[in-house]
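Undergrad: The lines below spell out each chain.
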Amino acid sequence: MSIESVAAIGNELSAQMGALTGVAPPASAFENLLVSIEGVNTQLLAGQKVTAQLASAPPESLHRSMLSLEQTRLSFELLLAVRNKALDAYQELMRMQV
Amino acid sequence: MGLFGVLDISAAGMDAQQARLEVAAANLANAQTTGTRGASLYKPLTVVLHSDMPKGAQSVAGLTADSLPRPVVAQTVEMDVTPRLVYDPGHPDADARGFVAMPGVDPIASMLDLISISRSYEANLRAFDVTRALLQRTLDAGSHR
Chain F
2 MSIESVAAIG NELSAQMGAL TGVAPPASAF ENLLVSIEGV NTQLLAGQKV
52 TAQLASAPPE SLHRSMLSLE QTRLSFELLL AVRNKALDAY QELMRMQV
Chain Z
363 MGLFGVLDIS AAGMDAQQAR LEVAAANLAN AQTTGTRGAS LYKPLTVVLH
413 SDMPKGAQSV AGLTADSLPR PVVAQTVEMD VTPRLVYDPG HPDADARGFV
463 AMPGVDPIAS MLDLISISRS YEANLRAFDV TRALLQRTLD AGSHR
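Residue numbers (the numbering used here), protein chains in the order written: chain F, 2 to 99; chain Z, 363 to 507.
Treat the hints with care, as some may be off.
[To be verified] If you want a taste of the chain F side facing chain Z, the calculated C-beta under 7 angstroms gives, among others: (1) H64; (2) R65; (3) L68; (4) E71; (5) T73; (6) L75; (7) E78; (8) A82.
[As the list claims (entries may be wrong)] Derived list of chain Z stretches under chain F, where covered just means 3 residues or more per stretch with a C-beta under 8 angstroms from a C-beta of chain F: (9) 373–384; (10) 487–499.
Simulated from the structure, these hints should not be mistaken for laboratory data. Ideal placement from N, C-alpha and C gives every residue a C-beta, glycine not left out.
Using the sequences plus the hints, can you model the full thing?
TA: What follows is the structure, encoded as structure tokens:
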């Protein structure tokens with residue numbers, strides 16, 4: 002959704018951000034978010050497998066299992082942080098006086 | 363992959379130390395075995411560690427955590443040490459003079475190895491922990507609520 006009178010500001014802003022960071026603004030931020038959620042889900046499933054292996058048989062190397070679990074946990078927390086940010090922004094917008 | 367890549371480097375270090383520990387344990391465990399007619403006498407083993415690029419990375423030019431060299435077990439080789447001869451004429455594996463050959467495992471060197479392995483593993487674990495803590499704290503910085 003874009004409102005024409007303000008869309009120009011957004012375009013200007015993303016162009017400036019692009020110039021600042023050297024990264025082209027994403028085509029659709031929400032689409033990117035969905036892709037990363039899928040990535041985190043894959044991580045979670047991998048973590049589940051590791052946990053099952055830990056429970057059923059002594060692991061080949063404990064530190065590798067821990068590495069995998071730790072990566073899973075951190076990527077999920079990152080997703081959670083992004084989600085909280087997005088929700089905060091949304092709520093902030095909803096509180097705005099019109 | 364940034365800091366996640368650093369975690370992987372530390373894990374590779376722990377892999378290497380685990381391989382050393384396995385060999386050290388095997389040497390100590392087999393120290394009292396004797397050679398039989400069927401199987402030859404156990405020879406103390408040692409691990410040769412090399413530093414290698416991870417698969418896919420060509421050079422260190424990029425210098426990201428994903429392309430940095432990490433330790434790999436190049437090979438596990440038998441050490442060329444003379445067997446220890448123990449005089450035990452009653453032993454079934456004793457030779458004509460009554461001596462039994464046992465692997466030349468050096469107990470003092472083995473103990474030193476164990477200390478070195480333990481400390482190296484701990485060092486890698488510490489690096490792992492520091493990276494993990496930094497990742498966690500960076501995530502916490504994003505949620506000050």
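Undergrad: None of the hints should be skipped; say for each whether it holds.
TA: So, going through the hints one by one against the coordinates:
Interface restraint check: H64 of chain F against chain Z, minimum CB-CB distance 4 angstroms, threshold 7 angstroms, status holds. Because the closest C-beta pair between R65 of chain F and chain Z is about 6 angstroms apart, less than 7 angstroms, the hint holds. Checking L68 of chain F against chain Z by beta carbon gives a least distance of about 5 angstroms; that is within 7 angstroms, so the hint holds. Residue-level restraint check for E71 of chain F holds (minimum Cβ-Cβ distance to chain Z is 6 angstroms; threshold 7 angstroms).
With its C-beta approaching chain Z no nearer than about 11 angstroms, T73 of chain F sits outside the 7 angstroms limit, and its interface hint is violated. Given the 7 angstroms rule on beta carbons, the hint for L75 of chain F holds: about 5 angstroms separates it from the nearest Cβ of chain Z. The beta carbon of E78 of chain F comes within 5 angstroms of a beta carbon in chain Z, closer than 7 angstroms, and the hint placing it at the interface holds. For A82 of chain F, the suggested interface contact is upheld, since its CB lies about 4 angstroms from the closest CB of chain Z, less than 7 angstroms.
Under the rule that three or more residues need a Cβ within less than 8 angstroms of chain F, the assignment of the region 373–384 of chain Z holds, with 4 such residues. Coverage of the region 487–499 of chain Z by chain F holds in this model, with 5 residues showing a Cβ closer than 8 angstroms to a Cβ of that chain against a need of three.
Going through the hint list in order, the structure does not satisfy hint 5, though it satisfies all others.
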